[in-house]
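Each chain is listed here by its residues.
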Amino acid sequence: MARKSLQEKLAILSDAARYDASCASSGTTRRNSRDGKGLGSTEGSGICHAYAPDGRCISLLKILMTNFCIYDCAYCVNRVSSNVERARFSVEEVVTLTLEFYRRNYIEGLFLSSGIIRSPDDTMADMVRIVRTLREEHGFKGYIHLKTIPDADPKLIEEAGLLADRVSINVELPLDASVKAYAPEKNPDRIRGAMGRTRALRDASADRSHTGKRPKRFAPAGQSTQMIVGADGANDAAILGQSTRLYSDYKLKRVYYSAFSPIPDATAALPLVKPPLIREHRLYQADWLMRFYGFDATEITAQSADGNLDLAVDPKLAWALAHRERFPVDVNRAEKEVLLRVPGFGTKTVTRILATRRHRTLRWDDLARIGANLKSARPFVTLGDWRPGRLLDTADLRARFAPPAEQLSLF
Amino acid sequence: MRQVQLPRIGTDKAWRGAARGLLAARIPPEEVIWDHGGAAPGLFEGEAAPTGPATVKVPKAFVDLANRVVWHRDPERFARLYAFLWRLRTQRGLMEDRGDPALADLRRMEKAVNRCRHKMTAFVRFREIGPRDAPRRSFAAWFEPTHHTVELTAPFFARRFGDMDWLIATPDVSARFENGAITLHEDLPRPDLPQDAHEDLWRTYFSNIFNPARVKVGAMMSEMPKKYWKNLPEAQAIPGLLAEAEARVRRMAEAAPTLPPLRAERIRERLAAPGVVRADPTGQERAVDLFDKADIDSGGAIPDFAALRARAAEEDRTTPEGYGRFVLGEGPEDADLMVVGEQPGDVEDREGRPFVGPAGQVFDRAAVAAGLDRREAYVTNAVKRFKFTLRGKRRIHQSPGAPEIEQARWWIAREVELVRPKLLLAMGGTAAETLTGTRAGILKRRGHVEETEYGLVFLTVHPSYILRLPDAELQREEEARYVADLAAAKEALGRMAA
Numbered sequence: 001m002a003r004k005s006l007q008e009k010l011a012i013l014s015d016a017a018r019y020d021a022s023c024a025s026s027g028t029t030r031r032n033s034r035d036g037k038g039l040g041s042t043e044g045s046g047i048c049h050a051y052a053p054d055g056r057c058i059s060l061l062k063i064l065m066t067n068f069c070i071y072d073c074a075y076c077v078n079r080v081s082s083n084v085e086r087a088r089f090s091v092e093e094v095v096t097l098t099l100e101f102y103r104r105n106y107i108e109g110l111f112l113s114s115g116i117i118r119s120p121d122d123t124m125a126d127m128v129r130i131v132r133t134l135r136e137e138h139g140f141k142g143y144i145h146l147k148t149i150p151d152a153d154p155k156l157i158e159e160a161g162l163l164a165d166r167v168s169i170n171v172e173l174p175l176d177a178s179v180k181a182y183a184p185e186k187n188p189d190r191i192r193g194a195m196g197r198t199r200a201l202r203d204a205s206a207d208r209s210h211t212g213k214r215p216k217r218f219a220p221a222g223q224s225t226q227m228i229v230g231a232d233g234a235n236d237a238a239i240l241g242q243s244t245r246l247y248s249d250y251k252l253k254r255v256y257y258s259a260f261s262p263i264p265d266a267t268a269a270l271p272l273v274k275p276p277l278i279r280e281h282r283l284y285q286a287d288w289l290m291r292f293y294g295f296d297a298t299e300i301t302a303q304s305a306d307g308n309l310d311l312a313v314d315p316k317l318a319w320a321l322a323h324r325e326r327f328p329v330d331v332n333r334a335e336k337e338v339l340l341r342v343p344g345f346g347t348k349t350v351t352r353i354l355a356t357r358r359h360r361t362l363r364w365d366d367l368a369r370i371g372a373n374l375k376s377a378r379p380f381v382t383l384g385d386w387r388p389g390r391l392l393d394t395a396d397l398r399a400r401f402a403p404p405a406e407q408l409s410l411f
Numbered sequence: 001m002r003q004v005q006l007p008r009i010g011t012d013k014a015w016r017g018a019a020r021g022l023l024a025a026r027i028p029p030e031e032v033i034w035d036h037g038g039a040a041p042g043l044f045e046g047e048a049a050p051t052g053p054a055t056v057k058v059p060k061a062f063v064d065l066a067n068r069v070v071w072h073r074d075p076e077r078f079a080r081l082y083a084f085l086w087r088l089r090t091q092r093g094l095m096e097d098r099g100d101p102a103l104a105d106l107r108r109m110e111k112a113v114n115r116c117r118h119k120m121t122a123f124v125r126f127r128e129i130g131p132r133d134a135p136r137r138s139f140a141a142w143f144e145p146t147h148h149t150v151e152l153t154a155p156f157f158a159r160r161f162g163d164m165d166w167l168i169a170t171p172d173v174s175a176r177f178e179n180g181a182i183t184l185h186e187d188l189p190r191p192d193l194p195q196d197a198h199e200d201l202w203r204t205y206f207s208n209i210f211n212p213a214r215v216k217v218g219a220m221m222s223e224m225p226k227k228y229w230k231n232l233p234e235a236q237a238i239p240g241l242l243a244e245a246e247a248r249v250r251r252m253a254e255a256a257p258t259l260p261p262l263r264a265e266r267i268r269e270r271l272a273a274p275g276v277v278r279a280d281p282t283g284q285e286r287a288v289d290l291f292d293k294a295d296i297d298s299g300g301a302i303p304d305f306a307a308l309r310a311r312a313a314e315e316d317r318t319t320p321e322g323y324g325r326f327v328l329g330e331g332p333e334d335a336d337l338m339v340v341g342e343q344p345g346d347v348e349d350r351e352g353r354p355f356v357g358p359a360g361q362v363f364d365r366a367a368v369a370a371g372l373d374r375r376e377a378y379v380t381n382a383v384k385r386f387k388f389t390l391r392g393k394r395r396i397h398q399s400p401g402a403p404e405i406e407q408a409r410w411w412i413a414r415e416v417e418l419v420r421p422k423l424l425l426a427m428g429g430t431a432a433e434t435l436t437g438t439r440a441g442i443l444k445r446r447g448h449v450e451e452t453e454y455g456l457v458f459l460t461v462h463p464s465y466i467l468r469l470p471d472a473e474l475q476r477e478e479e480a481r482y483v484a485d486l487a488a489a490k491e492a493l494g495r496m497a498a
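Heads up: the protein sequence lines correspond to chains A and B, in order.
Numbering-wise, full-length UniProt numbering puts 166 at position 166 of the first sequence, and it's gapless, one number per residue.
Numbering-wise, full-length UniProt numbering puts 199 at position 199 of the second sequence, and it's gapless, one number per residue.
The following block holds chain A by itself, in its conformation from the complex (with noise of 0.2 Å):
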């Protein structure tokens, strides 16, 4: 066999990588190389360097090690039944790669993923050596995200976790039957036994030794996981209750949401459908109002008999529409969880609300300038001069924020 340029090992080994969702590069500690000595820098927040156009952000330089693995799972490009094309990195193609495009401004940083070679050990201490050359030789203080071996040898993992600013682990599928169904040589309770030594060391790393002193923070932009939505028969209800499990027993920073899409060389035991997006969209909308809005996940979906989200409608204003009687809500008077859960309120809009309201009283005009979705709130709140009146009792209140039927394109 030819060997492969380094153009078309990046060409088969980013294709590899596309199926991971996470981009952020965000949460970590602020570095910088000001001082002239290494190249980079990490600000609270993260940047996307670039969209693709499937709408998502490119923000690392996301690849795999390698594609080459010894494990079948079903949903995977890269199962060992496959016959998608294989490459293989060498640690200075890595290395040389990541820091070229990040002088170029491409990038915030690395995603280093990789399929199993040889074994979880072999794997895992490969990946540890790109990160430690980048980090040690080169002085690289860029973001790095390295996705961890679940079976590996857990001081690996402790080492890659000093080294890379987020590690994670792919729950893959939200039910544990379904992970054994569709990815034999994978166990959920490995996984999770991983994520939990994860957790474990994070919380270590920040107590401070009797001298006071901090020690080396662990994956100080915190631990991630993902999981394949539709390819399975989970309903969203337990998606939702995985999610709350996985961010309350192992403080995860993210969990996220892949619609499966098709992919190349496909098993014949899954569907090779359009990926549901909107289904992954409402998901998102879910766990945003589980972490930032005081929703619990059981509320989300329970507006439902078959446990999913609605599809025409955001599950805060579903949850609305099924609670009509708690609203109108006054915005004048209303306590912060109460404003919280009008629809079309974010939570910048409740914090300007509540700043506003402290010097005077607010009016409908008011509410535009601060930045509230009007549309979705009309029916749900009062405030000086502004009253919905029966608005909230219309029987077709839900068809005034569903889509309209649309026509798809032809092409």
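Watch out, some of these pointers could steer you wrong.
DSS-like, lysine-lysine: derived pairs with alpha carbons at most 30 Å apart [claimed, not checked]:
{"hint": "1", "chain 1": "B", "residue 1": "Lys57", "chain 2": "A", "residue 2": "Lys348"}
{"hint": "2", "chain 1": "A", "residue 1": "Lys375", "chain 2": "B", "residue 2": "Lys216"}
{"hint": "3", "chain 1": "A", "residue 1": "Lys375", "chain 2": "B", "residue 2": "Lys226"}
{"hint": "4", "chain 1": "B", "residue 1": "Lys60", "chain 2": "A", "residue 2": "Lys348"}
{"hint": "5", "chain 1": "B", "residue 1": "Lys393", "chain 2": "A", "residue 2": "Lys375"}
{"hint": "6", "chain 1": "B", "residue 1": "Lys227", "chain 2": "A", "residue 2": "Lys348"}
{"hint": "7", "chain 1": "B", "residue 1": "Lys422", "chain 2": "B", "residue 2": "Lys444"}
{"hint": "8", "chain 1": "B", "residue 1": "Lys60", "chain 2": "A", "residue 2": "Lys274"}
{"hint": "9", "chain 1": "B", "residue 1": "Lys226", "chain 2": "A", "residue 2": "Lys274"}
{"hint": "10", "chain 1": "B", "residue 1": "Lys13", "chain 2": "B", "residue 2": "Lys111"}
{"hint": "11", "chain 1": "B", "residue 1": "Lys60", "chain 2": "A", "residue 2": "Lys336"}
Simulated from the structure, these hints should not be mistaken for lab results.
Position chain B against the provided structure of chain A, taking the given hints into account.
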């Protein structure tokens, strides 16, 4: 009237100084004319604006706001800031009032500047202009910001690219970083940037990280507006990627499942061998109702039609996107003839029965003409779900691809096992492919019986083929040929019974 000239470099400091002096001298906003981009900083025309060390106390939030808004492109920005500052003297709580129209305008401008700054940190693309082995490598970029954000953003690049020299040239003010020091220059000519081999690699990455199955152009355009595209090397790839996306997805769907490579089996054996780490089998399981594919694939126990129907009902509980319901065959369970079509159509899907739509009617008509009694045959389809795409409200038929055929094979095999027909009548390419392994040359093979693992198969065309012919005369001819085929099938069946 007082005229205040503000310089293009150091606008923020100059504005603060001027505003402080004007405020100390109690000069109301209507009496000030602000001008930007004049010759030298601090040049005043008409009545000179008062300067002086007057200290004016303003909330810190206003200083932060002003430090952003001065970089906005709107020529009114200085006047608006000063007018707001004038009100702020007497209304202390004004900064917190998010409903105030003047403040709302300033906040909007602040947001625009912040966004422009952010997009600059994202979309500046450097090319290497010096030798690669120099102690400090040097890079340069050409960038066209919407607002005057170069001075504001240069420190970010200094913090990030501390170990290299760089130049960010723009049509307005340019920033240069050399040996750790930032300098700003007005009206630098556009630098001649050499080709950079890494741009090809970057485009390769951009094209391959894109998932053609989830095109969302709107999301891309809102975050990466077209005005930036001309200076982004990767943007050249976008039109091509979009044009090809649909075809790539279609190819993925149509590609037949391939056999696993040889190494797969080897690796599986090795993994199963003792001594290799395996996933812990004693882990606790949460009980869930999961459709067990492996059980079915192994041939599971389907002793009778009731079990098969139960299985079908189970399968029908979920409907994948782009597919209709699950339609099993119907007819006498000991029929001598089993008629196999392609897949349910729109009508069949709504009624949940095979062969009741337009093609079904052609079949019925032809069967009567050929002397076949449909009620004595078991009628089914090779693929059990209607596959379609939505065109407005219409569901447009899509031919089943290899994945659908392979997935449905188990079902047709069970049906053949249970009915044990003497003859299978395969109508159309899909049925031919399912039962004989290939659809090639169906027009030559029609009217003949072939021996297959499912039994004897009589081949003919699908009645929808007749419906699709463009010309009524052709349709009549073809229908006659179809009737002849059915009659031949009946005859073959009769020979077998005898």
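Could you grab the alpha-carbon distance between lysine 375/A and lysine 226/B and see if it respects the 30 Å cut-off? holds (29 Å)
Is lysine 393/B close enough to lysine 375/A, meaning Cα to Cα at most 30 Å? holds (27 Å)
Need the status of pair lysine 375/A, lysine 216/B: alpha-carbon distance at most 30 Å? Within the cut-off at roughly 24 Å; holds.
Given pair status - lysine 444/B, lysine 422/B, alpha carbons within 30 Å: Roughly 23 Å separates the two Cα atoms, so the pair holds.
Is the Cα-Cα distance between lysine 60/B and lysine 348/A 30 Å or less? With Cα atoms ~20 Å apart, lysine 60/B and lysine 348/A stay inside 30 Å; holds.
Would the hint linking lysine 57/B and lysine 348/A be met if the CA-CA limit is 30 Å? holds (28 Å)
Between lysine 13/B and lysine 111/B, does the CA-CA distance stay at or below 30 Å? With Cα atoms ~20 Å apart, lysine 13/B and lysine 111/B stay inside 30 Å; holds.
30 Å limit on alpha-carbon distance, applied to hinted pair lysine 227/B and lysine 348/A: holds (29 Å)
Regarding the pair lysine 60/B and lysine 274/A, is the alpha-carbon distance no greater than 30 Å? The hint is violated at about 52 Å.
Taking only the CA atoms, is the gap from lysine 60/B to lysine 336/A under or equal to 30 Å? Distance ~26 Å between lysine 60/B and lysine 336/A Cα, so the pair holds.
Run the distance test for lysine 226/B versus lysine 274/A: straight-line Cα separation, threshold 30 Å. OK: lysine 226/B and lysine 274/A at ~28 Å, within 30 Å.
Hint compliance for this structure: hint 8 is the single one not met.
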